[in-house]
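Taken in order, these protein sequences are the chains called A and B. Residue numbering for the first sequence follows my numbering, beginning at 1 and increasing consecutively. Residue numbering for the second sequence follows my numbering, beginning at 1001 and increasing consecutively.
Because the hints were derived from the structure by calculation, they are not lab data. Do not take every clue at face value.
What the hints assert, rightly or not - Reference listing, derived: stretches of chain B covered by chain A, where coverage requires no fewer than 3 residues with Cβ under 8 Å from a Cβ of chain A:
#1 1091-1099
#2 1109-1123
#3 1127-1141
As the list claims (entries may be wrong) - Cβ-to-Cβ under 8 Å is the rule here; a few derived chain B residues that face chain A:
#4 Ser-1042
#5 Arg-1043
#6 Asp-1044
#7 Phe-1071
#8 Leu-1074
#9 Leu-1079
#10 Val-1157
#11 Gly-1193
No experiment lies behind these values; they were computed from the predicted model shown. Glycine included, each C-beta is placed from N, C-alpha and C at the ideal position.
2 protein chains.
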Amino acid sequence: MRILVVGASGTIGRALCFELERRHDIIRAGRTSGDVLVDIRSRDAIARMYEAVGEIDACVCVAASGAMDDFDTLTDAQLIENMQGKLIGQINLVLLGRPFVSERGSFTLTSGIFADEPWRGVTGGAVISGGLHSFVLSAAIELDRKQRINVVSPTMVEDSVTAYGHLFPGMPPVSMESLIAAYVGCIEGGRTGEIIRAYRSFEDFFSKGRCV
Amino acid sequence: MRILVVGASGTIGRALCFELERRHDIIRAGRTSGDVLVDIRSRDAIARMYEAVGEIDACVCVAASGAMDDFDTLTDAQLIENMQGKLIGQINLVLLGRPFVSERGSFTLTSGIFADEPWRGVTGGAVISGGLHSFVLSAAIELDRKQRINVVSPTMVEDSVTAYGHLFPGMPPVSMESLIAAYVGCIEGGRTGEIIRAYRSFEDFFSKGRCV
């Protein structure tokens, strides 16, 4: 397959490309590096990227992480700004990418655990990820030419614990291996309209009063 | 309690006010009628409304319904326009309303079934409702002074079947009585951070291959 990976130089992107390029042709896209440059906050930049890339069999987005926020001073302007990349940007990857993705091709987007599991300081990220989940449910029944769409909702990945672990004390990380398997399953499998929660929920992790 | 009902003249709003005014002081807000006028698409209008109303014990929003959309021609601009009322507007009711809501007071918002159950032509409504669900999970752990927040996610209400039933064939409606009970439980009960899905899911409704 010919696979476009948006956010290819990020922590998840590098590991995903490493796995995918064993079997597929990879086109790396990123804001500052890659085979093609794109800032997904810009609708025009996404359109130009697709024109440059041409037909593909899969588009995977592992780009864009939202800023943390202070709820006491949070404004709608901050929320809308935060949405531009991870929510509107990923939606535009789908809306503008449809003609370039082959029949039975797929979109795989990235949300995050805060859609379903609240944490302080990430209201913006929660709104984005929750909106993205529902977008994927809808898009899956709207897309034609048997195109598929799924979204992977990661928790913090093991490789990021050193950098971000202090922000999320007590949050069990997911291994990079499991996370990459989630993306590969979406790209190479047949599922559509699914939200792949790449973590165990807090309740499941500490079920019945003991760690499992 | 002193309760602000935003969208008081709508189908749900009228029934909700009828029930609440048996025990509480109701302030009706709406775009074209009510004790106070407000268009929740405008941040300034919401701020003015709260200044005019003063301290309240509960804010309930049953206003704003999203436009339907055509996925084949859907644009990010349409989605953002659609978000202004039901998503950003309801978020602003919370962000700007906090100082006006009493200790242990509450916010009750309204999303919709399409957050979780896809249907054609409502991608915008889905994104809005999904984002709202995650906002409420976050806000519940961020609000101070023991303020509470919940969201009711209705399906089509029985009273609307004549007007909208043809758009959603096969969708089981919820009775107005059950739906109003969901709002009353949020306002007068102690729950917070909950998504009250005021419907049975499609799978539950037709479980085990037969109607239940």
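Hints, one by one, checked against the model:
no.: 1; hint: 1091-1099; verdict: holds (count 3)
no.: 2; hint: 1109-1123; verdict: holds (count 9)
no.: 3; hint: 1127-1141; verdict: holds (count 14)
no.: 4; hint: Ser-1042; verdict: 11 Å, violated
no.: 5; hint: Arg-1043; verdict: 6 Å, holds
no.: 6; hint: Asp-1044; verdict: 11 Å, violated
no.: 7; hint: Phe-1071; verdict: 4 Å, holds
no.: 8; hint: Leu-1074; verdict: 6 Å, holds
no.: 9; hint: Leu-1079; verdict: 7 Å, holds
no.: 10; hint: Val-1157; verdict: 20 Å, violated
no.: 11; hint: Gly-1193; verdict: 7 Å, holds
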